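**Student:** Build the complex from these two chains, which are given one at a time in their own frames, with help from the hints.
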Amino acid sequence: MSAIILFLAVLAVIAGWWLSHQRLTAKPWLEEGAVGDFPGGDAMTWPAAKVGLGVFLAVASALFVLFISAYSMRMSVVDWRPLPIPRLLWVNTGVLVLSSVALQWAYVAARRQDTESVMIGLLAGGASAVIFLAGQLLAWQRLGAAGYFVASNPANSFFYLLTAVHGLHLTGGLVALGRTSAKMWRGAKIAEMRLSVELCAIYWHFLLLVWLVLLGLLTGWTDDFVDICRRLLS
Amino acid sequence: MVDIPYEGIEGIPPAEVPDVELYHPRSWWTRYVFSQDAKVIAIQYSLTATAIGLVALVLSWLMRLQLGFPGTFSFIDANQYLQFITMHGMIMVIYLLTALFLGGFGNYLIPLMVGARDMVFPYVNMLSYWVYLLAVLVLASTFFVPGGPTGAGWTLYPPQAILSGTPGQDWGIILMMSSLILFIIGFTMGGLNYVVTVLQARTRGMTLMRLPLTVWGIFTATVMALLAFPALFVASVMLLLDRLLGTSFFMPSLVEMGQLSKHGGGSPLLFQHLFWFFGHPEVYIVALPAFGIVSDLISTHARKNIFGYRMMVWAIVAIGALSFIVWAHHMYVSGMFPQFGYFFATTTLIIAIPTAIKVYNWVLTLWRGDIHLRVPMLFALGFIITFVNGGLTGLFLGNVVVDVPLSDTMFVVAHFHMVMGVAPIMVVLGAIYHWYPKVTGRMLNDALGKFHFWVTFLGAYLIFFPMHYLGLLGVPRRYFELGDTSFIPSSAHSLNAFISVVALTVGFSQMVFLFNLAWSLFKGEASGGNPWRATTLEWQTPETPPGHGNWGKELPVVYRWAYDYSVPGAAEDFIPQNQPPRATQLVQGAAS
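Chains as they are written, first to last, in the UniProt record's numbering: chain V, 1 to 234; chain X, 1 to 592.
I should point out that these hints are in silico values taken from the structure, not numbers from a laboratory.
Predicted model, so just to flag it, every value in this text is computed and none were measured.
Be careful, since some hints might not be right.
[Unchecked claim] Here are the simulated distance ranges between beta carbons:
#, chain 1, residue 1, chain 2, residue 2, range
1, V, I120, X, L254, 36 to 46 angstroms
2, X, Q160, V, W90, 40 to 50 angstroms
3, V, F225, X, I353, 54 to 64 angstroms
4, V, D37, X, L373, 33 to 43 angstroms
5, V, R87, X, T155, 35 to 45 angstroms
6, X, V402, V, L6, 25 to 35 angstroms
Every residue, glycine too, gets a C-beta built ideally from N, C-alpha and C.
So that you can see chain X by itself, here it is in the shape it has in the complex (with noise of 0.2 angstroms):
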């Protein structure tokens, strides 16, 4: 790497953009506390994200106990099944990939990539942090108040959710709507700072078409975000009111517990028609960071530059786009007017065009590529195969007339958890094997990762494959206990029992790679500055972890694309963003 003072170079005009005035802690409290450093922050979010997501791992354990073995353990009643349901998805959806991947992996790697000292706005990104932990709180809150958490399911459905004999009527449904209320609250503006660095803060050379893809993925997962949490955010004010002041926004009138509610006229479709319209777009905003993350892993592990990286950039502003305008076919067997659903499932299948695309190139990525299996690209095909996997059945439910029958069924379950719980897990765990080096300076132990990868990734597949067939036998998801039902045969059972304690299997694993983040802290290997030899700018900070202000006392300049990897003729098998082209050919004067 060659430094390149600022006004050394003829033709490059000053950075027009002055740097952002950059904030000096004082003290330890607000150096690692009430920190306004992105990279800071970033750790906070993913912390309080894995500490809030091992809750909802616990509850998914309880659940398989209850599902594997009915009426073995006593102190699961059909109630807390449904609170464990409804916490498990809600905190797995929003409070951990979304926090995970838009505020701890965006907070890291934006300002770092596209060349910034910091966010633009660190004041506002230090307080959307503590408005996130706040939400986290409340949420977490709801397990500890009268009547425990809400039951409703993570959709929140009214009438339902709000009537008595859901469990969590009480507390659990308004601290539930009121944490929703400042997670946006805080998304917002972290959401706001993603954005805007990188419209504004990207160091001189680096041109939106020069961007890495995981930047690429996170900006456009984020402005969706920015568009999409408002419906949930409205959803909830409304639900929220209709709970506690009785009015009837979504509430029709009924008969609550033998006598006529207060509620009347209001419409269950309405809150589902804003609910699935941030949904929808919610499987991509997690779906777009992953898409992006894996698009990096795989360049970068096997010494090629990413095939079609035009294509995947306009596939990431396209899938953004149709994404939505395909909510309804979360609601097909909601009571639409029928003829929706049809234009709804056009839709869908027009947004695995865009989607088929970018897995192509990833495999033309991979085509003749010099492979090295470490445990990130591990995880990135792990990643491939389980989003083709997922992405297949979710044509079948896609279609109106397959969705209706399996609507119901563990089916749905099997399919939302192969593409939308175990893919974006795959890319954060292999991010997390990728980027670690450049967060603590050591590298994380590969036989631990490589045991890690292979218990998580087999036992995913042993886990929901077999619930593919479950579903197809027709049995019913959300149950607490499937008793004598005639029609579902006793290996049903068997086999429910046999995924109980894969998925415990499984879980524990998880702990290997806990002990492992942990141990390598201390006593992993050092790894220099640029361990998997990557082009990209976070390799090339001037220390390893980045110091505050990234890049020491000059910003870096870009010359090339992120994806130099293998040029012929050139000295490495890779050339830095901020090499020269001087360089280059110097480098490859001296090589012949």
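Next comes chain V alone, as it looks inside the complex (with noise of 0.2 angstroms):
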């Protein structure tokens, strides 16, 4: 469980940080007055839905931190047999690089003005997206016709849960690419569409760093790295 804990002292650092921004320590009873008297402590200027999509990645990465929790207790038992990752993976990966990249552009063009790019952009991020997981799916299926099936191994297991998790939240993500995209399609003009194309790209960043921490686990990188780290500790 020290993956997650690690994970929520980060949370709490940055929630200590916000938190100090509010003027914890104010005496409010004291402090009767309009509105500008007491600076501080007022609602975020940040668009509503920006603040939810934080809110809903820090509760993602809870998620995958926990999986990856499990993950590394369940690893430490002797029936442990790691499976050779099919190399199609690292096509994959660079499938969703591009697809990240591509929504990247998107919204540099949305913040240019220039509709045209956004379009492309945002067909190309979601038509790559559909390649990485139509990989993904070509993946589990030479794992199958390898003879490593999903209940043979906790590896195996683990191997076929994480990639599913990820790619569902993938294609949740595709379908509010698609709403995005439909308007634009419809003639949705640009600058009402720009935070919309933000919070794409922000997901797909985040869903394309949520996959190399995967990548790196199911690889076997991190315990290197981890026992690299152990070793400089002590």
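**Tutor:** Below is the structure:
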């Protein structure tokens, strides 16, 4: 459970930093007065949807970190046999990076008010995300064909489970991306769509980061890394 | 109350956050059924939670019938008894208390108390309720599937939860996991709304330190729930896979019905870590809203500002943070590395400090207050006493050496029900008596309310105090019947019968409350907008019950904290949060 505790500690630091700007030491019983009299502590000026996405990303991270905690605890049991990672995953990773880059490009274009580039970016991002998902399914198929079934070893179970959870999150993102693209297609103003494009891009970067962490975990790099850290400490 | 036009005052910046675009219902269906108005969603949540809670209440009667009069009721067998235990616990903790405090009170009170028109994502909020309803229906359906609901205990520990021999192994456990997964998805949608509404949609002047403690409690509890429920989600998904696909996340290799099972190597302890990583914060997810609400009830009905507001806020945040590092005190007898136990015992005892601060502050708020013993106040006082009682036995159980012998006895049942059953329910009932006038525009009947309080309060003590004694005798929990056990005296059996009679009486007295709710809706005395003469914003709405959009044309502007009761020199013994300082002085001048 050390991964989730570490994650919560990071969240606690962020929350503590935010709270420290909210004048929690004020004495509200003495502070009667108009709105401008006592600075600080007002509602945020960010758009609500952006804060909402931020909170959601914290929840989704907690979910993934808990899966990782379970992974690391289950891994220490003797019956764990790491499975060979299909080469295809590296191609998929490249596609997901492209997807993220395309959406970032769409966001930059949205800031420049360049409608056409935004459309291209959104479509390219969406298409490469779909290719990524198809690639993941293909990887599952290959593993199955090679005899690595979901229940035959805990390492396999976790591989299928983690890729599935990540894939489902990406599918959810595709729904949001589809809605944004549809609105653009019907000719919504670029200024209104800028926020949606930005949120999609943020979500994609987040899922790319999660995927890289999971990949590190599944290929065993994380173990070596943790080992090196331990040795440095001791 | 003085109406302040937006532009009429110098030095007030224009609203920086544009109003949420309001959703307008077009038909009866979208107004009352598929509504996106937080107030309607709150009522839907509350009614659904109460309905499934009544099922759990009936289950507790059946358990008490069996425990009090073993062998008398042939329609209860050992398997059913385990199913009743499981469903009673799960429903009460998750589907009733969590849904009611966050989905019910959260939805109703957050937008009104912070001066918002609605939740920030009304559509997601509506979806949250419908997913919750689906979760409840899936849960309720387990009563009708072959094999019945699962009887694994509300903690659902593997391996026994999914082995044959445990009742409900066929469908019950699968549907229970699915229902939990749905509940968590639904809650996350709602929870995003509650958090972002508090962060983003506060009206002008409503700084964090001017928030009523109810909002602080619900806000912090929601943040905790958003981070803790994923642990239950992970545990549920993995257990479901163990059951359906034969994976071995949690399942060790074992002999099942004389045959070696297909599982192997899994760690039951891993499930317990995940479950309690959710399970312990869950206690405070229920307790923190109760803390917040009770602070407001006490302050309002004692006509006195809350003592130590800042300390109350800090304590809420501290309890929220600490509750994530105490989970393993539920696992002293699980075969953990023993020295872990002492670490968790220490953190458990540390959490008593902020909690005790809160209790002292409630008592000091009452000190020399102008206490009105109205029904909400009675329930609030009942809560404080019960919470102290339940909390003290928590100190017993938090210590490893005391917990080990008591862990599997009725003592735990008594402790748990005092601190997490009776105490929050006291707050729920008090809060309903307090806010019912705002929701319906009518008062609940006072005589019936006082009767309801005394029967519930005294009854709860008659039920759960003797249970501590039974636990110290060594009467085990979870047992279908005790049989002829030499160390259990016959007086314990009489005591069990007595508890059962009281439990049935208290259970039936809740019907008085339900009758009161229904009767007062039509025949109750009209309450007016602010019957308790309270300061917080929800009592200052132009209409009662609050109309669509809550505030009429303009949002309120906040000039003071939420607890200006009995301010020296003021004309009235309360000053609403949206009353400007100038107006107070004018009234003072007129008074002198």
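**Student:** If a hint holds in the structure, say so; if it doesn't, say that too.
**Tutor:** Structure-based check of all given hints:
Separated by about 57 angstroms at the C-beta atoms, V:I120 and X:L254 break the suggested range of 36 to 46 angstroms. Taking 40 to 50 angstroms as the suggested C-beta distance range, the pair X:Q160 and V:W90 conforms, at roughly 43 angstroms. The supplied range of 54 to 64 angstroms is broken by V:F225 and X:I353, whose beta-carbon atoms lie about 38 angstroms from each other. The supplied range of 33 to 43 angstroms is met by V:D37 and X:L373, whose beta-carbon atoms lie about 38 angstroms from each other.
Look at V:R87 against X:T155: about 43 angstroms separates their beta carbons, and that is inside 35 to 45 angstroms. Taking the beta carbon of each, X:V402 and V:L6 are about 32 angstroms apart, inside 25 to 35 angstroms as hinted.
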